[in-house]
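Asks: Listed below are the residues making up each chain.
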Amino acid sequence: MSDPPASERASKAAPVRIRLDPTRCAGHGICALISGERIGLDGWGFAVVDPTEIGEANLRRRARRAVAACPRGALSLEEVPGPSRTGAAWR
Amino acid sequence: MTGNAVDVAGAPARPQGPSEAGVHGAARPGPAPGAGPCPVGHPRARLLAGPGREEGAEAFEVHLRRLGALPDGLPSDAAGLAEVIEASGLAGRGGGGFGVARKLRAARQAGIRPLLIVNAAESEPASGKDGALCELRPHVVLDGAAVAAAVLGTDEAVLYTHRGATGVARALREAVRERSAAGSADPRWLLAAAPDRYVAGEASAAASFVSGGDARPRFLTRPLALAGVDGRPTVVHNAETVAHLALLARYGAEWWRRAGTPAHPGSRLVTVAGAVGAPGTVLEVVEPTPIGALLSAAGAAGPPLAVLVGGYAGRWLAGDTAWLTDFEPDALRAAGATVGCGLLAVLGHGACPLTETAGLASYLAGESAGQCGPCVFGLADVAESLHELAEGRAGRRDVTRLRRQLEALPGRGGCNHPDGVAAMVSSALEVFADEVVRHTRGRPCPRPDRRGAFPVPPRCAEWR
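One line per chain: the protein sequences are D and X, in this order. When the letters of the first sequence are read in order and numbered with the working numbering, they come out as residues 1 to 91. When the letters of the second sequence are read in order and numbered with the working numbering, they come out as residues 1 to 464.
Hints were generated in silico from the structure; no laboratory data involved. Relax, there's no trap hidden among the hints.
A few chain D residues facing chain X, derived, Cβ under 7 Å:
no.	residue
1	Asp21
2	Pro22
3	Thr23
4	Gly27
5	Asp42
6	Trp44
7	Phe46
Cβ coordinates follow ideal geometry from the N, Cα and C atoms, glycine included.
Generate the whole structure from the sequences, applying the supplied hints.
Replies: See the structure below:
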């Protein structure tokens, strides 16, 4: 019994999470319409991202679309584990 | 390559001497106990030991007579020095408090050609400790930078200052010239003078400026120690932080740890500003000392109305509380504050704390790098709400709205600027809760002196 190759494991079910680059977000808000479960808008209209991991396929699909729809390229999906805001901890 | 960093002087290449044991004890400064607040030149001071303030920058030869040369074979004994730094437990003194050994190790292991940035851009308007250190003890800072560069395995160090801080840049430049003339085995020194913006002192902003960009913080997906200036592993250390390395390399970790507390070892510098007899006083805290003793050393007669601790984006403490709290990370945390950049800004009894907080919030909102929506719009809203409150034009509902605005800010920027401002304002609403109630009831502010007590510099329009 051997593990599948790393590439295959990752493509199957590696959980992801949404990462937002706040310096790029301009508050278009399209992401929140598409992936309302994981992305909301604050009182000023800017995206607020739930950084917890996404395993479920439908949520994942919508998250992926939200990422693709951002006119500013502010969103990305990253595989977990991997720090979501590494920069905040040490610079 | 390093776009905004220019050569200071053509320092000679470091001679590759034979490896020697790293830590030699020259004449060690006296033991710590009973030190109290140490001003410049105090015999029990560590970083600030030596000539008094009136004597100005300590010349290289005076510095060498006082402390002895750095241990021989510095570059080849990088591993030994790294162990000393590790054993010391030295944490950054710029505000973040990150472990120095860990940052250096990460960058050293990350790949070729790391870069050291010595952050002497003291962006806190009322803080003066890094400036005093660079202007009075430039060779302690440069020695420490040479140690950090050796541990990193790099032969380049950038001295990062604010453009307006001409005294700091002049002192460092002159010190570099002296060392070069003396043939000191140093890294190549580069000087970068950034615009006088509050957030320009943030590490990623420094790296951005040094690589030729704006002195604005960057949203990092990887730490600078792994990928910084031009993709090179970059370590940004505060000037005081590297200065400690000059002492650590000479006297070792055991001696160095006798200052401070076991959990937070080493001495630390403090600036006392605001309503004291001698605002701008820089002191070295060698052992846990109540804030009251530090304020007294700067000419305070007794507990003030309040103290803003750690910087303009720090935390307010009531004067009575602050007076008795030790200036030490754990004691400050227990009281609801952080050491931050070591600033103690004192608010006198004649001032209105809400007016002061509103003024600071306006200043800090104006110092946003303008990159992130929550920072741009959020801080402006917070400042406006605070002014309404301070002027008696806000009701309870408005205060609730202000609290909601504050809750929406942490973690929402590319850097921690909005987090810091939100924390400072939140601490004001807590510490000055009685004042908030009084002001929302439309009663006249009992403190007639409504002028801002803390210095706020004019806005710099440039980012490059």
